[in-house]
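Each chain, letter by letter, is given below.
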Amino acid sequence: MSASLEKGINALKEQVDSSVAAFFSSCVHCGMCADACLFYTETGGPERTPINKTEPLRRIWKSEYTLFGRIGKLFGLTKPVTDELLADWETLVYDSCTLCGRCSMVCPVGNDIAAMIRKTREGMAAAGHAPDGLIGATKRAVTIGSPMGVKFPALQAQIKHVENDTGMTIPVDVVGADYMLLLSSMEIMNFPEFIEAVAKIFDKAGVTWTISSEAFEATNSGIQIGVSDIAAELVQRIVDAAEKLKVKTVISPECGHAYMAIRWDGPNLVGKPFDFKVRHILEVLDEFRKDGRLKTTGKESQRLTYHDPCQISRRGGVIDEPRNLLNMIADDFVEMPDAGKMNWCCGAGGGVSSNERANEIRLKVFQRKKDQLDEIKPDAIVSACSNCRIHLEDGLEEYHMEIPLLSLTETLAEHLAD
Amino acid sequence: MTNKFDDKNKTLGDTLRSRGISRRSFLKFCAATASMMALPPAMIPKVAHALENAKRPSVIWLSFQECTGCTESLTRSHSATIENLIFDSISLDYHHTLQAASGHAAEAAREAAMEENHGNYILVVDGSIPMDNPGYSTIAGISNYDMLMDTAKGAAAIIAVGTCATYGGIPHAKPNPTGAVSVGDLIKDKPIINVPGCPPIPVVITGVVTHFLTFGTIPELDHIGRPKVFYGQSIHDRCYRRPFYDKGLFAETFDDEGAQKGWCLFKLGCKGPTTYNACATTKWNNGTSFPIEAGHPCIGCSEPDFWDGGGFYKALSMPTENITQTALYTAAGAAAVGVAAGALNRAKKNAATKAHPNTTIEDLEK
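Chains as they are written, first to last, in the working numbering: chain A, 1 to 418; chain B, 419 to 784.
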């Protein structure tokens with residue numbers, strides 16, 4: 001109960017580094033980021049122009065770190081950061097941004113606008129201006145171990161189901177395994193088939209793997225709310241578990257932001273390189289394919305398309321892998337317009353789906369995905385992020401479209417050769 | 419044949435359709451215009467909508483001390499393109515060169531247009547106004563000054579076309595025998611858009627007209643009244659020969675190796691660095707090329723007093739003093755200031771990091 005404007009301002013000051021300073025001073029106000037953002041294109045609200053979402057951070061940079069800004073501050077000419085400003089910006093910074101990074105791709109001067117919005121969240125959260133839903137999720141992540149409040153016994157129950165269905169043993173806390181699998185609570189609660197699929201594929205591939213009872217949650221609410229201290233704590237739990245189990249590789253599951261958090265932000269958050277590798281499940285499966293450890297039989301005759309989760313394709317660079325894998329099992333694969341690194345975001349990642357206030361806008365901006373789908377009319381959509389999956393199902397229902405969502409890992413498992 | 423009244427009430431959309439211009443090519447024009455005016459793509463439909471529904475506004479074109487080059491530029495160089503049709507599709511009620519009427523009938527047309535559209539017509543002026551002896555240039559016995567002041571009264575906006583109308587141009591060059599002045603020198607109470615150049619680029623004027631029809635306002639202007647979208651950057655900054663300038667590779671004469679290799683024409687007097695115009699990007703003759711591409715230095719025709727700049731082939735003045743030492747001192751001083759500012763900023767950031775309390779879930783709410 002100690003968030004304050006003063007803390008928020010201090011956090012913003014701390015976030016201004018040489019890249020932020022360079023970004024702000026090179027912004028040419030061209031507005032190209034607006035047309036790259038679905039929260040702008042589908043609402044037409046100029047306040048949702050991505051660079052505008054960083055206004056609190058920009059004001060701190062200007063008033064604290066530039067000569068003219070400091071002179072202006074003396075005469076009251078430089079605009080200050082106030083509680084009212086942060087309150088006004090809350091819906092822009094959290095509800096209208098999934099940190100998908102499409103804006104960063106189009107910026108003609110190379111500003112990583114998504115990263116700047118992520119930094120702006122540090123100030124918002126410290127000043128007590130994070131959305132209630134996200135605060136709740138973060139508290140659960142720290143105290144219970146998962147943003148959806150999933151405890152290990154719940155996972156154990158799902159594991160038991162899978163074991164009963166398949167007759168296989170799901171390895172838990174096995175020291176010295178090759179791979180340690182992380183899961184998102186979304187998968188544990190809604191898609192336990194994912195665990196089953198991984199078990200089957202890894203069994204056929206002849207590799208050892210395990211789930212840790214101490215750190216199974218992959219998602220990182222600390223990053224989404226914008227509190228690096230908490231984000232680092234959540235990453236540290238995974239690092240501790242991986243070191244304890246002496247695994248070679250930690251696998252990030254079918255979840256976009258989890259991948260970004262553990263693979264790319266992780267080492268920076270804990271301040272040292274990992275002793276293990278971090279790979280996305282699709283990267284691991286594609287390695288299996290290359291090594292001849294993954295063999296499939298039969299093909300899907302229905303028309304399939306692939307929705308690129310923003311953090312996996314655009315921010316993570318895992319673009320060819322899903323296509324290589326789909327190629328093995330799809331007869332009629334069709335790319336949607338803007339597929340690959342410029343694909344449009346689902347509209348609900350980066351904390352938006354944990355924030356009930358954003359429900360209306362996330363369904364409104366789904367129109368962009370609908371337009372893409374209308375153009376190619378697929379029979380089913382394959383993806384590799386459970387959050388995308390849940391939200392796409394939600395959006396399709398809202399717009400009265402009947403297209404099933406498939407997990408790539410699960411679909412591969414269905415075609416596994418004996 | 420439609421009568422005059424019907425014709426006036428036709429929208430631009432009607433006119434274009436009756437001339438067989440497809441919607442596709444019309445939208446292409448709108449997209450090109452929007453990008454030329456640096457408007458976001460979302461504005462294209464707005465431009466199209468505004469243009470389609472624009473009632474042909476009345477335009478009165480006055481020509482004073484000029485050579486008709488501006489009219490030539492506008493009517494000819496893009497002949498048979500949609501820009502031209504847009505331009506045809508304003509109601510051009512008075513224009514010496516283009517109108518069929520002559521003598522009293524011509525003046526009557528101007529007076530009728532001024533009366534009918536009082537407060538709403540666009541006044542276009544090319545040529546400068548002689549203030550010495552009105553006899554230097556009169557039309558129908560009316561001095562240029564009187565005609566300008568009289569016609570300007572009821573205008574919604576004035577577009578000064580060409581360097582003569584905008585800054586006095588060649589008539590204004592030393593010793594300025596006619597006492598030539600620009601439109602802006604005489605009229606202070608109306609919005610004036612300066613479209614200089616000798617002559618100006620045709621799409622620039624259609625762009626200005628389009629902007630006026632779309633938004634009902636004049637575009638953002640620079641300190642000498644030029645629309646920033648077209649005159650915001652120097653020829654030099656946008657010149658395809660700029661890399662040679664940066665490398666110090668210059669043509670010394672018009673027939674040396676450097677000239678043949680297309681090196682920078684700075685030493686041959688190019689005024690590109692001090693000239694603001696869109697030549698290097700929009701180019702001339704339907705986007706074919708611009709003077710520097712033809713091997714000739716820019717003469718700076720869209721700048722005030724370009725004729726008195728000391729010779730077209732004289733390099734922009736070199737500094738006369740020993741600049742090396744001054745530059746060294748300046749650089750050293752600037753570096754010291756930079757280092758000090760950097761240290762200050764780092765200290766501030768470090769202080770912020772130090773003041774950072776470990777944030778826990780207890781600290782997320784007020």
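Mixed in with the good hints there might be a few duds.
Listed next, the in silico BS3-like pairs over lysine-lysine satisfying Cα-Cα at most 27 angstroms (straight line) [what the hints assert, rightly or not]:
#1 B:679 to B:646
#2 B:772 to A:139
#3 A:299 to A:248
#4 B:464 to A:370
#5 A:62 to B:464
Quick look at which bits of chain B chain A covers, simulated, 3 or more residues with Cβ under 8 angstroms [said to hold, decoys possible]:
#6 469-479
#7 628-638
#8 649-658
Since the hints were made in silico from the structure, they are not lab data. All C-beta atoms in this analysis are idealised placements derived from N, C-alpha and C, irrespective of residue type, glycine included.
Here's how the hints hold up against the structure:
A C-alpha spacing of about 33 angstroms is found between residue 679 of chain B and residue 646 of chain B, which places the hinted pair above 27 angstroms, so the restraint is violated. At most 27 angstroms may separate the alpha-carbon atoms for a hinted pair to count; residue 772 of chain B and residue 139 of chain A meet this at roughly 25 angstroms. Among the hinted pairs, residue 299 of chain A with residue 248 of chain A is inconsistent with the structure: their alpha-carbon atoms are about 33 angstroms apart, more than 27 angstroms. At roughly 24 angstroms between alpha-carbon atoms, residue 464 of chain B and residue 370 of chain A fall within 27 angstroms of each other, so this suggested pair holds.
In summary, the hint linking residue 62 of chain A to residue 464 of chain B is not supported, as the alpha carbons are separated by about 35 angstroms, beyond the 27 angstroms threshold. For the region 469-479 of chain B, the proposed coverage by chain A is not satisfied: 0 residues have a C-beta within less than 8 angstroms of a C-beta in that chain, short of the threshold of three. Given a C-beta distance limit of less than 8 angstroms, the hint that chain A covers the region 628-638 of chain B is violated, as 0 residues qualify and 3 are needed. Counting residues of the region 649-658 of chain B whose C-beta sits closer than 8 angstroms to any C-beta of chain A gives 0, which falls short of three, so the coverage hint is violated.
In summary, the numbered hints that this structure violates are 1, 3, 5, 6, 7, 8.
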